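A.B. asks: So you can see what is in the structure, the chains are spelled out below.
There are 2 protein chains.
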Amino acid sequence: MNVILSGHGNVGTSMKESVEMIFGTVDKFYPVEFHKGEGTEDLIRKYKNIINENEEETIIIADLFCGSPYNAASIIAIENDSVEVISGMSLPICLDIATMYNSSNSKEIIEHVKKSVQEYTKSFREQLILESEDDL
Amino acid sequence: MNVILSGHGNVGTSMKESVEMIFGTVDKFYPVEFHKGEGTEDLIRKYKNIINENEEETIIIADLFCGSPYNAASIIAIENDSVEVISGMSLPICLDIATMYNSSNSKEIIEHVKKSVQEYTKSFREQLILESEDDL
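These protein sequence lines map, in sequence, to chains A and B.
Numbering of the first sequence is given in the numbering used here, commencing with residue 1 and proceeding in unit increments.
Numbering of the second sequence is given in the numbering used here, commencing with residue 137 and proceeding in unit increments.
In short, the hints are calculated from the structure, not lab data.
No experiment lies behind these values; they were computed from the predicted model shown.
Where is the CB? At the ideal position from N, CA and C, for every residue including glycine.
Fair warning: there could be bad hints in the mix.
Beta-carbon label-pair distances, calculated as ranges [said to hold, decoys possible]:
| no. | chain 1 | residue 1 | chain 2 | residue 2 | range |
| --- | --- | --- | --- | --- | --- |
| 1 | B | E255 | A | L128 | 18 to 28 Å |
| 2 | B | D217 | A | D27 | 21 to 31 Å |
| 3 | B | N216 | A | I78 | 42 to 52 Å |
| 4 | B | S239 | A | L128 | 23 to 33 Å |
| 5 | A | S82 | B | D217 | 46 to 56 Å |
| 6 | A | E41 | B | I214 | 23 to 33 Å |
Capping the alpha-carbon separation at 25 Å, the derived lysine to aspartate or glutamate pairs in DMTMM-like fashion look like this [said to hold, decoys possible]:
| no. | chain 1 | residue 1 | chain 2 | residue 2 |
| --- | --- | --- | --- | --- |
| 7 | B | K250 | A | E119 |
| 8 | A | K16 | A | E111 |
| 9 | B | K152 | B | D232 |
| 10 | A | K16 | B | E174 |
| 11 | B | K251 | B | D232 |
| 12 | A | K48 | B | E262 |
| 13 | A | K107 | B | E269 |
| 14 | B | K251 | B | E189 |
Covered by chain A, per the in silico footprint, the following chain B stretches (three or more residues, Cβ under 8 Å) [as the list claims (entries may be wrong)]:
| no. | stretch |
| --- | --- |
| 15 | 143-154 |
| 16 | 173-183 |
| 17 | 198-204 |
| 18 | 209-217 |
| 19 | 248-259 |
Based on the provided sequences and hints, a complete structural model is requested.
C.D. replies: Spelled out as structure tokens, the structure:
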């Protein structure tokens with residue numbers, strides 16, 4: 001399975017480096033950058049270069065719902081049933097996918113991520129309260 | 137208010153660049169990087185350099201719950217009531233904070249983000265189904 005990390009600027013590249021600092025090497029994680037002066041067509045070309053190379057299932061993790069990286073990915077997904085697209089790229093999403101992508105299919109992974117999003121974003125002060133309640 | 141973007145590697149720096157590509161300049165958004173060979177003490181020192189400079193309210197957005205950037209931020213937050221910490225750094229969280237940080241306090245912002253996380257992460261195929269149901 002291919003996993004494409006796609007965001008504004010070079011955040012996809014940085015995110016892959018973060019994943020590898022924690023998880024180790026992730027083959028088939030492909031960052032796609034998007035810079036000023038580029039457009040949807042550039043993103044589509046970059047996605048197709050990765051997807052067409054090995055014709056496997058692909059998950060495109062885009063940074064922002066309805067941003068250019070997401071919209072370009074959606075155009076690919078309409079044409080190609082083996083492409084899944086999800087927005088809101090974050091390190092916990094990427095780590096969950098790194099853990100699953102060799103043993104699960106893309107639909108199972110998307111379902112897992114959608115169920116887990118509330119767990120990724122925790123407030124320290126809220127956790128403190130929850131933990132002190134647990135101690136009672 | 138200070139907003140610190142803190143993650144493994146240089147993802148905080150990339151994230152700030154992504155925010156500025158979409159939103160424009162965000163004064164008082166401070167990236168903090170965390171590289172191999174560094175530890176919690178280095179992160180705490182970097183956070184304190186930013187926070188002590190102007191003694192305003194601070195939100196630290198860390199990449200991963202219980203990762204080093206989050207844990208170091210929590211140590212600061214225990215000592216300093218004006219510091220809020222939230223995990224799961226993503227572009228939509230950062231953009232929401234960019235929109236709010238000049239007019240809301242940190243507690244209101246954290247509450248808003250916690251309520252919004254489900255909206256940040258959308259699956260394209262799920263959206264397609266929802267939209268076609270809306271058309272019925």
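A.B. asks: If a hint holds in the structure, say so; if it doesn't, say that too.
C.D. replies: Verification of the supplied hints:
no., hint, in the structure
1, B:E255 <-> A:L128: 18 to 28 Å, "25 Å, holds"
2, B:D217 <-> A:D27: 21 to 31 Å, "45 Å, violated"
3, B:N216 <-> A:I78: 42 to 52 Å, "49 Å, holds"
4, B:S239 <-> A:L128: 23 to 33 Å, "26 Å, holds"
5, A:S82 <-> B:D217: 46 to 56 Å, "50 Å, holds"
6, A:E41 <-> B:I214: 23 to 33 Å, "50 Å, violated"
7, B:K250 <-> A:E119, "10 Å, holds"
8, A:K16 <-> A:E111, "22 Å, holds"
9, B:K152 <-> B:D232, "13 Å, holds"
10, A:K16 <-> B:E174, "19 Å, holds"
11, B:K251 <-> B:D232, "12 Å, holds"
12, A:K48 <-> B:E262, "22 Å, holds"
13, A:K107 <-> B:E269, "20 Å, holds"
14, B:K251 <-> B:E189, "31 Å, violated"
15, 143-154, "holds (count 10)"
16, 173-183, "violated (count 0)"
17, 198-204, "holds (count 4)"
18, 209-217, "holds (count 3)"
19, 248-259, "holds (count 9)"
Comparing the model with each earlier hint shows violations of hints 2, 6, 14 and 16; every other hint is respected.
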